[in-house]
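Sequences and hints are given; from them, build the entire structure.
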Amino acid sequence: MSFFLQLLVAGIATGALYALMAMGFVLVYRATRVVNFAIGEFLLVGGYLTYTLNLVLPLPWAMVLTLPLAFAFGLLVERGFVRPLLGRNVVAVIMATIGLALALDGATQLAWGPDQKYLEGQLPVLTLALGELILPSRSVWSLLLALPAALALVYALKRSRYGVLVRAVAESEVAALAMKIPAPRIVALVWGLSAALAAVGGALLAGLSGVGPHLIAMGLMVFPVAILGGMDSVGGALLAGMLVGVAESLSRGYLEALVPGITEATPFLIVLLVLLARPYGLFGEREIERV
Amino acid sequence: MWYRIARKLSETYSRRFARAVRESYAEDEAYAPTPLGRCALALFLGLLFLLPLILGPYPMYVLSLTAIAALGALGLHLLVGGAGLISLGQAAFLGIGAYTASHLSGPLAPLGVLAGGLLAALVGLVLGLPSLRIKGVYLAIATLAFQFLAILVFNNWESFTGGIRGRNLAPAEILGHPLDSPGALWYLILAFTVPLFFYGKRLLSTRAGRAWLALRDNELSAQVAGVELVPTKLSAFLLSAFYAGVAGGLLANLYRTVTPEHFLFGVSVQYLAMVIVGGAGTVLGAVLGAAFVVLVPELLNTLVGALGPAYAGALAALRNVVFGTLILAFLILEPRGLVGLWSRVRDYLRTWPLPY
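Chains R and W supply the protein sequences, listed in that same order.
With the first sequence counted from 1, adding 5 to any position gets you my numbering.
With the second sequence counted from 1, adding 237 to any position gets you my numbering.
Honestly, the hints are just simulated from the structure, not real lab data.
Errors might be hidden in some of the hints.
Quick partial rundown of chain W residues pointing at chain R, CB under 10 Å, derived from the structure [what the hints assert, rightly or not]:
id: 1; residue: G321
id: 2; residue: I371
id: 3; residue: Q384
id: 4; residue: L386
id: 5; residue: I388
id: 6; residue: L389
id: 7; residue: N392
id: 8; residue: L555
id: 9; residue: N557
id: 10; residue: V558
id: 11; residue: F567
With beta-carbon atoms standing in for the labels, derived distance ranges [unchecked claim]:
id: 12; chain 1: R; residue 1: A180; chain 2: W; residue 2: R402; range: 56 to 66 Å
id: 13; chain 1: R; residue 1: L91; chain 2: W; residue 2: L578; range: 19 to 29 Å
id: 14; chain 1: W; residue 1: R581; chain 2: R; residue 2: Q127; range: 50 to 60 Å
id: 15; chain 1: W; residue 1: L586; chain 2: R; residue 2: P187; range: 41 to 51 Å
id: 16; chain 1: W; residue 1: L552; chain 2: R; residue 2: K122; range: 19 to 29 Å
id: 17; chain 1: R; residue 1: P189; chain 2: W; residue 2: E395; range: 52 to 62 Å
id: 18; chain 1: R; residue 1: S7; chain 2: W; residue 2: W394; range: 31 to 41 Å
id: 19; chain 1: R; residue 1: P129; chain 2: W; residue 2: E498; range: 35 to 45 Å
id: 20; chain 1: W; residue 1: R275; chain 2: R; residue 2: P189; range: 46 to 56 Å
Quick reminder that beta carbons are idealized off the backbone N, C-alpha and C, glycines included.
And the structure:
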């Protein structure tokens with residue numbers, strides 16, 4: 006039983022990071038209908054930025070300073086690659102982000118080399134022991150950073166002025182423009198925010214266990230999460246992130262011994278099954294087709 | 238009078254040689270409507286047959302890779318450029334074809350390649366079923382999920398795929414002649430690719446092909462116009478998977494070994510890159526795109542080799558950067574891909590001596 010609880014908690018902690026990334030991903034999809042296949046590379050760039058800043062700054066400062074830089078990086082991507090493709094079909098836009106992912110993938114390797122980089126200094130160890138249950142420092146940090154950020158984002162989308170503007174643009178860009186909402190600026194903001202959210206994950210992972218090209222695999226998990234939650238539901242992404250994290254952790258604990266390699270595939274297996282039953286995800290809005 | 242003669246000349250010229258005016262359906266349907274074009278086509282096919290006599294084993298190997306990649310890319314073209322459905326799992330179909338062919342190798346190789354195509358088509362049909370309910374982005378990610386599950390199966394189904402170590406093949410044999418060099422295997426590759434290319438070329442102008450195009454442009458209006466959704470979508474998936482399966486079978490015979498790492502997600506992305514760089518929806522695009530994607534790493538290889546061994550480690554990264562940048566550049570600057578570039582050159586050339 007305690008093994009199960011241990012796995013559950015570890016899963017929720019990883020899931021919180023997934024959720025954070027998926028929320029940025031879903032936000033971008035809602036506002037611009039762009040599926041960002043480069044989200045894993047955003048995470049990677051966040052990690053490497055932290056590493057580079059860490060060469061001159063202490064770790065906490067490096068992590069904090071990564072966020073505005075990642076935000077600027079998101080703006081750059083939006084201006085350079087997304088805006089020229091506005092209004093093109095889904096396949097073209099998906100391909101563009103895949104191209105961006107490949108280019109970033111190679112560029113980070115050329116710039117920082119293929120081997121794992123470890124950071125100077127360490128985050129304070131926050132191992133918690135609750136009776137038999139031991140929360141490793143890694144999980145505590147993930148929960149501590151990711152959960153408040155995720156909840157704040159959901160709250161801001163619902164309540165704050167900018168949240169309302171973002172939702173307005175997502176609803177209908179034309180109508181938003183007619184109401185004198187600066188839609189291009191909002192879209193740019195959303196991309197920046199998405200990059201920053203991914204960078205939180207990247208910075209945290211870099212601080213906890215170093216940074217290397219393998220972090221991209223983490224980015225791939227965004228797709229099952231986003232699909233499970235429904236591509237246009239930010240709250241759904243939060244919940245689905247936890248679900249996928251837990252599923253992954255449980256399959257690592259119980260199934261990996263039976264079928265090696267299944268852990269990477271479990272989230273996709275779940276997604277395939279869910280999509281067959283509910284083609285728009287668990288919390289996604291069914292797109293109504295008007296005649 | 239001079240004006241009239243010049244005009245007459247120009248008109249005759251453009252009818253006979255420039256394909257600018259098509260007067261009958263037979264002309265429209267022909268693979269090469271002008272005498273000049275027919276000559277070029279015959280010459281090209283003849284050249285394909287003679288190539289192994291001219292080129293050494295390494296160029297033939299690269300050429301074989303290109304032809305096989307072009308076949309797989311053509312399958313993806315039919316799906317993406319034709320029916321407008323996106324698939325991120327082309328490598329998985331390649332794998333199904335390759336593993337099937339690995340069980341029927343040696344004298345049975347042609348049969349194995351065909352069986353690989355058929356089995357892949359069958360799986361494609363099954364994957365196509367959800368596409369009736371799942372749309373757009375959701376479908377793209379469903380095919381991505383399929384890709385990852387396929388890798389899981391390739392890695393774990395020891396009796397069929399040999400697990401991580403993979404399977405080795407005996408060289409293909411035809412009538413007792415072993416096809417153990419790329420030059421000899423080239424004829425097996427031609428025997429599959431040439432008919433499939435002619436078929437694919439014609440396909441988009443048939444009833445089925447036009448139904449796909451209608452579906453791509455607008456699903457609802459296609460239905461209104463009498464296109465049946467179910468058979469149309471399923472046939473697109475089926476054919477795309479068949480092409481990939483045959484390509485996979487040929488690839489297995491070329492490599493003579495099949496391991497899961499030949500069919501990773503990155504390979505699927507490479508095939509999509511071929512479609513985009515070549516120009517979606519045309520046969521020529523598949524060939525140009527495949528040639529590009531196969532040749533660029535080879536060129537980079539030589540380039541990096543010339544720079545010195547210090548850069549060899551960066552080769553994969555460099556290739557990714559070049560690919561990614563090219564995909565982006567083509568999407569933003571020339572959405573019709575290499576075919577678009579080529580057709581501009583051709584439009585200029587085909588009326589060249591008498592442009593008006």
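Quick rundown of the hints versus the structure:
1. G321: holds, 7 Å
2. I371: Cβ of W/I371 sits 5 Å from chain R, so the hint holds.
3. Q384: Result: holds, 8 Å to nearest chain R Cβ.
4. L386: Given a least distance of 6 Å, the restraint on W/L386 holds.
5. I388: holds, 7 Å
6. L389: With Cβ-Cβ at 4 Å, under 10 Å, it holds.
7. N392: holds, 5 Å
8. L555: holds, 6 Å
9. N557: Hint holds; W/N557 Cβ to chain R Cβ min 3 Å, cut 10 Å.
10. V558: holds, 4 Å
11. F567: At 8 Å from the nearest chain R Cβ, W/F567 passes the 10 Å test, so the hint holds.
12. R/A180 / W/R402: 56 to 66 Å: holds, 59 Å
13. R/L91 / W/L578: 19 to 29 Å: 23 Å Cβ-Cβ, so the 19 to 29 Å window holds.
14. W/R581 / R/Q127: 50 to 60 Å: Since the Cβ atoms of W/R581 and R/Q127 sit about 59 Å apart, the hinted range of 50 to 60 Å holds.
15. W/L586 / R/P187: 41 to 51 Å: holds, 48 Å
16. W/L552 / R/K122: 19 to 29 Å: Since the Cβ atoms of W/L552 and R/K122 sit about 21 Å apart, the hinted range of 19 to 29 Å holds.
17. R/P189 / W/E395: 52 to 62 Å: Roughly 55 Å apart at Cβ, these two residues keep to the hinted range, so it holds.
18. R/S7 / W/W394: 31 to 41 Å: 35 Å Cβ-Cβ, so the 31 to 41 Å window holds.
19. R/P129 / W/E498: 35 to 45 Å: holds, 41 Å
20. W/R275 / R/P189: 46 to 56 Å: holds, 53 Å
Of the numbered hints stated above, none is contradicted by the structure.
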